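**Student:** Spelled out from the first residue to the last, the chains are:
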Amino acid sequence: DAMVIQNPRYQVTQFGKPVTLSCSQTLNHNVMYWYQQKSSQAPKLLFHYYDKDFNNEADTPDNFQSRRPNTSFCFLDIRSPGLGDAAMYLCATSRPHWTSGGPGQGTQYFGPGTRLLVL
Amino acid sequence: GESVGLHLPTLSVQEGDNSIINCAYSNSASDYFIWYKQESGKGPQFIIDIRSNMDKRQGQRVTVLLNKTVKHLSLQIAATQPGDSAVYFCAENWSNFGNEKLTFGTGTRLTIIP
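Chains as they are written, first to last, in the numbering used here: chain H, 1 to 119; chain D, 1 to 114.
Watch out, some of these pointers could steer you wrong.
Sample of chain D residues facing chain H (criterion: CB under 10 angstroms; computed from the structure) [as the list claims (entries may be wrong)]:
1. Pro9
2. Asn27
3. Ala29
4. Tyr32
5. Ile34
6. Asp49
7. Thr69
8. Gly83
9. Val87
10. Phe89
11. Asn93
12. Leu102
13. Phe104
14. Gly107
15. Arg109
Below, a sample of chain H positions facing chain D; criterion: calculated Cβ distance under 10 angstroms [to be verified]:
16. Ser40
17. Gly82
18. Ala86
19. Tyr109
20. Phe110
No wet-lab data here; the hints were simulated from the structure.
Everything numeric in this text was worked out from a predicted model, so none of it was measured.
A virtual CB, placed ideally from N, CA and C, is assigned to each residue, including glycine.
Chain H extracted, bound-state conformation (with noise of 0.2 angstroms):
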């Protein structure tokens, strides 16, 4: 089944210590994003990429960086972590909804998220 997939589920990192998330997917969609969600609050967009054009949310940290080395594959790396980016760092993609011929097909579709705990 087509799909967005995130390794690892689980991430434990060091305060300091630098970590990538990672994020495949087999749907072939033009769009990837990475979000940072924390308890009990709305996914926050951190930036995206449309192909290769990389968008970087004004409000984001310099300590995130994004690389999208192909179509399939986007990588969150986090440069220096803090106790205050432990969270749920979601993956999700899409096609544009303007270039479908209806609805549903532009949607974010979202992976199940990597759990960032920095100790």
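Start from chain H and add chain D according to the hints.
**Tutor:** Relative to the frame of chain H, chain D by itself:
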């Protein structure tokens, strides 16, 4: 700034009853709206969507209503089941030549009482 908000943070419904979750949005340029269901420890799951040129769309046990006049969105779940217990997010989509952005509401926690 623009925002999407929900009226109620929690909602408890008896199993078998219908539930309605409401959402207000403020970005008049948004042209596509989505409801997501998120169970504990999982990613958001697409439920149903609606474009701005529609005012109602039905799925299996779910209906989304869109009132553009008052910028209001609702999700109706019929004959609720224990598996419907989750947090529900509305989201509005705004696109500008492929630069798609999804803004989530704050979420409503739906609890189905057996």
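**Student:** Taking the hints in turn, state whether each one holds.
**Tutor:** Status of each hint after checking the structure:
1. For Pro9/D, the interface hint holds, since its Cβ comes within 10 angstroms of a Cβ in chain H; the closest pair sits about 9 angstroms apart.
2. Annotation: Asn27/D was flagged as interfacial toward chain H, and the flag is violated, the nearest CB pair being 14 angstroms apart, outside 10 angstroms.
3. Annotation: interface hint on Ala29/D violated; nearest CB of chain H at approximately 13 angstroms, more than 10 angstroms.
4. The beta carbon of Tyr32/D is positioned within 10 angstroms of a beta carbon in chain H (closest approach about 5 angstroms), and the interface hint is therefore held.
5. Interface restraint check: Ile34/D against chain H, minimum CB-CB distance 5 angstroms, threshold 10 angstroms, status holds.
6. At a threshold of 10 angstroms, the smallest CB-CB gap from Asp49/D to chain H is about 5 angstroms, leaving the interface hint in force.
7. The interface hint given for Thr69/D is broken, as the beta carbon of that residue sits about 21 angstroms from the closest beta carbon of chain H, more than 10 angstroms.
8. Among the interface hints, the one on Gly83/D is violated; its C-beta lies about 17 angstroms from the nearest C-beta in chain H, farther than the 10 angstroms criterion.
9. With a cut of 10 angstroms, the hint placing Val87/D at the interface with chain H holds, because the nearest CB-to-CB distance is about 8 angstroms.
10. With a least beta-carbon distance of about 6 angstroms to chain H, the hint placing Phe89/D at the interface is held under the 10 angstroms criterion.
11. The interface hint given for Asn93/D holds, since its Cβ lies 7 angstroms from the closest Cβ of chain H, which is under the 10 angstroms cut-off.
12. Annotation: Leu102/D was flagged as interfacial toward chain H, and the flag holds, the nearest CB pair being 6 angstroms apart, inside 10 angstroms.
13. Because the closest C-beta pair between Phe104/D and chain H is about 4 angstroms apart, less than 10 angstroms, the hint holds.
14. A distance limit of 10 angstroms between C-beta atoms decides the matter here; for Gly107/D the minimum to chain H is near 6 angstroms, and the interface restraint holds.
15. The interface hint given for Arg109/D is met, as the beta carbon of that residue sits about 8 angstroms from the closest beta carbon of chain H, less than 10 angstroms.
16. Because the closest C-beta pair between Ser40/H and chain D is about 8 angstroms apart, less than 10 angstroms, the hint holds.
17. For Gly82/H, the interface hint is violated, since its Cβ never comes within 10 angstroms of a Cβ in chain D; the closest pair sits about 23 angstroms apart.
18. With 10 angstroms as the threshold, the beta carbon of Ala86/H stays out of range of chain D, its nearest partner Cβ sitting at about 15 angstroms, so the hint is violated.
19. Hint on Tyr109/H holds. Least Cβ distance to chain D is approximately 7 angstroms, under the 10 angstroms limit.
20. Interface hint at Phe110/H: satisfied, since its Cβ lies 4 angstroms from the closest Cβ of chain D, which is below the 10 angstroms cut-off.
Hints 2, 3, 7, 8, 17, 18 from the list above are not met by this structure, while the remaining hints are.
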